[in-house]
Structures are given as C-alpha cells and as structure tokens.
Amino acid sequence: MTFDEFRRSWRQLRSNSRNPALIAFNRQSDEFKFCVLTLANREQPGSFRLQEVGNPFESFDEARRKLIIAAMNKMVRWGRLLPRPFSDADRYLSE
Numbered sequence: 001m002t003f004d005e006f007r008r009s010w011r012q013l014r015s016n017s018r019n020p021a022l023i024a025f026n027r028q029s030d031e032f033k034f035c036v037l038t039l040a041n042r043e044q045p046g047s048f049r050l051q052e053v054g055n056p057f058e059s060f061d062e063a064r065r066k067l068i069i070a071a072m073n074k075m076v077r078w079g080r081l082l083p084r085p086f087s088d089a090d091r092y093l094s095e
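Counting in full-length UniProt numbering, the sequence shown runs without a single skipped number right up to 95 at its last residue.
Hints were generated in silico from the structure; no laboratory data involved.
Be careful, since some hints might not be right.
[Unchecked claim] No farther apart than 20 Å at their CA atoms in a straight line, the calculated lysine to aspartate or glutamate pairs in the DMTMM-like style are these: (1) Lys66 / Glu95; (2) Lys66 / Asp30; (3) Lys33 / Asp61; (4) Lys33 / Glu58; (5) Lys66 / Glu5; (6) Lys74 / Glu31; (7) Lys66 / Asp4.
Fair warning: this is a prediction, and the values are worked out from it, not measured in the lab.
Given only the sequences and the hints, what does the whole structure look like? Please build it.
In structure tokens form, the structure reads like this:
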C-alpha cells in the first residue's frame with residue numbers, strides 16, 4: 001500500500017466530524033467561501049460557479065475539495081504576512 005493509499009483509507013475510516021478542512025470551511029461565512037472559491041477558480045478556471053458559494057465542503061467532489069484546501073492554505077499564509085488588523089486612520093498619508 002502506498003502512502004497516498006494509506007492516507008486515503010485512514011481518512012475515509014475517520015469520521016467527517018473530525019476533518020479539519022471540512023470543519024474550517026463549513027463554519028465560515030458565505031463571504032469567506034466566496035473568496036476561497038474565487039481563489040480556487042484562479043488556479044482551475046471554471047471549477048466553481050457562483051451558485052455554489054453557500055454549499056458545504058462535503059458537497060464538492062474530491063478534486064474540487066483539493067482545490068478548496070489549496071486555496072484555504074494560501075489564505076492562511078497570507079494571514080501570517082499581515083502584522084495586525086489595520087486602522088481606518090491608515091488611509092491618511094503624510095504630505
């Protein structure tokens with residue numbers, strides 16, 4: 001059994017309620033899901049439609065779940081790049 005086969009069988013035996021990607025995606029707002037699906041569509045154009053924005057993680061096929069996970073991982077990395085929330089006052093620049 002290859003490592004990929006092992007990973008697949010182990011995850012399939014485990015309860016979906018213990019899947020971190022499913023939990024993270026499903027608990028987010030539709031605005032977050034829109035951003036994730038838009039980012040995934042940039043990698044693979046046409047993979048997601050606007051009507052699918054509110055759908056739960058488990059409603060997508062395996063290939064599209066892989067795209068969703070990759071997009072969420074990109075967003076996680078971006079979050080680490082930003083130091084803190086920005087103030088509205090940051091819009092003012094010195095002359």
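Hint check results:
no.: 1; hint: Lys66 / Glu95; in the structure: 47 Å, violated
no.: 2; hint: Lys66 / Asp30; in the structure: 19 Å, holds
no.: 3; hint: Lys33 / Asp61; in the structure: 16 Å, holds
no.: 4; hint: Lys33 / Glu58; in the structure: 13 Å, holds
no.: 5; hint: Lys66 / Glu5; in the structure: 16 Å, holds
no.: 6; hint: Lys74 / Glu31; in the structure: 16 Å, holds
no.: 7; hint: Lys66 / Asp4; in the structure: 14 Å, holds
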